[in-house]
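What follows is each chain in one-letter form.
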Amino acid sequence: KQEVTQIPAALSVPEGENLVLNCSFTDSAIYNLQWFRQDPGKGLTSLLLIQSSQREQTSGRLNASLDKSSGRSTLYIAASQPGDSATYLCAVRGTASGTYKYIFGTGTRLKVLA
Amino acid sequence: DTAVSQTPKYLVTQMGNDKSIKCEQNLGHDTMYWYKQDSKKFLKIMFSYNNKELIINETVPNRFSPKSPDKAHLNLHINSLELGDSAVYFCASSRAANTGELFFGEGSRLTVL
Chain Y
1 KQEVTQIPAA LSVPEGENLV LNCSFTDSAI YNLQWFRQDP GKGLTSLLLI
51 QSSQREQTSG RLNASLDKSS GRSTLYIAAS QPGDSATYLC AVRGTASGTY
101 KYIFGTGTRL KVLA
Chain X
1001 DTAVSQTPKY LVTQMGNDKS IKCEQNLGHD TMYWYKQDSK KFLKIMFSYN
1051 NKELIINETV PNRFSPKSPD KAHLNLHINS LELGDSAVYF CASSRAANTG
1101 ELFFGEGSRL TVL
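Chains as they are written, first to last, in my numbering: chain Y, 1 to 114; chain X, 1001 to 1113.
Rather than coming from a laboratory, the hints here were simulated on the basis of the structure.
Cβ atoms here follow ideal geometry from the backbone N, Cα and C, with glycine treated the same way.
Treat the hints with care, since some could be wrong.
Claimed, not checked - Distance windows between CB atoms, simulated:
| # | chain 1 | residue 1 | chain 2 | residue 2 | range |
| --- | --- | --- | --- | --- | --- |
| 1 | Y | P14 | X | R1109 | 29 to 37 Å |
| 2 | X | K1041 | Y | D27 | 32 to 40 Å |
| 3 | X | T1111 | Y | Y76 | 33 to 41 Å |
| 4 | X | R1063 | Y | G16 | 47 to 55 Å |
| 5 | X | K1067 | Y | S46 | 33 to 41 Å |
| 6 | X | V1012 | Y | S70 | 40 to 48 Å |
Start from the sequences and build out the full structure, keeping to the hints where you can.
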């Protein structure tokens, strides 16, 4: 059974810092992994999607890497800004039972201080 | 144009009532989902439809019944609401069941009194 864990659960950093959020999963048989951000009271916004055959994806100040064999993904945020404050969630789409379910991690609450 | 839209955004109701949440996507996707986010913000899949066919049905009480009249719509009907049903319900869609990004609606916050 796929389990997805995110560490740390919460993070507070001063503006301008580079930071890394971690996501680990127990079953490496995945189709893809997606990173999202969720602002309070809002839906989830897709940030990056990494296919199982890819090692990383970049969008602006964000870079996500995937190491399927070790069951890990990291989201790197460069030069953090107060507007980056949100909860970041990773989700893994697995192949278990052929249902292609997305399983979500517990999230990392990020606060960037001005 | 909103890609995935849900109505209503807020729903407050009494225990025992029946309520529905509607979802529509204009992305041309084949697959739609219902997720439940509990008070601890954990997201758990409930149902998924691929081109109007149910493909994922998690261990959800049978008081919850999804309906997909066409591949652009997925509604969720809940009978005999209980206090524990209070949560935020998210609709999502993806291009296909095994590929493509997941796009979410804004969520429907259900409060059962």
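Between V1012 (chain X) and S70 (chain Y), does the C-beta distance stay in 40 to 48 Å?
holds (46 Å)
Is the distance from the Cβ of T1111 (chain X) to the Cβ of Y76 (chain Y) consistent with 33 to 41 Å?
holds (38 Å)
How does the Cβ-Cβ distance of P14 (chain Y) and R1109 (chain X) compare with 29 to 37 Å: does it lie in that range?
holds (33 Å)
I want to verify a distance hint. Is the separation of the beta carbons of R1063 (chain X) and G16 (chain Y) within 47 to 55 Å?
With Cβ atoms ~50 Å apart, the hint holds.
Regarding K1041 (chain X) and D27 (chain Y), is the given constraint of 32 to 40 Å on their beta-carbon distance met?
violated (23 Å)
Is the gap between the beta carbons of K1067 (chain X) and S46 (chain Y) within 33 to 41 Å?
The hint (33 to 41 Å, Cβ to Cβ) is violated, given that K1067 (chain X) and S46 (chain Y) are roughly 26 Å apart.
In terms of the numbered hints stated before, the structure departs from hints 2, 5, listed from lowest to highest.
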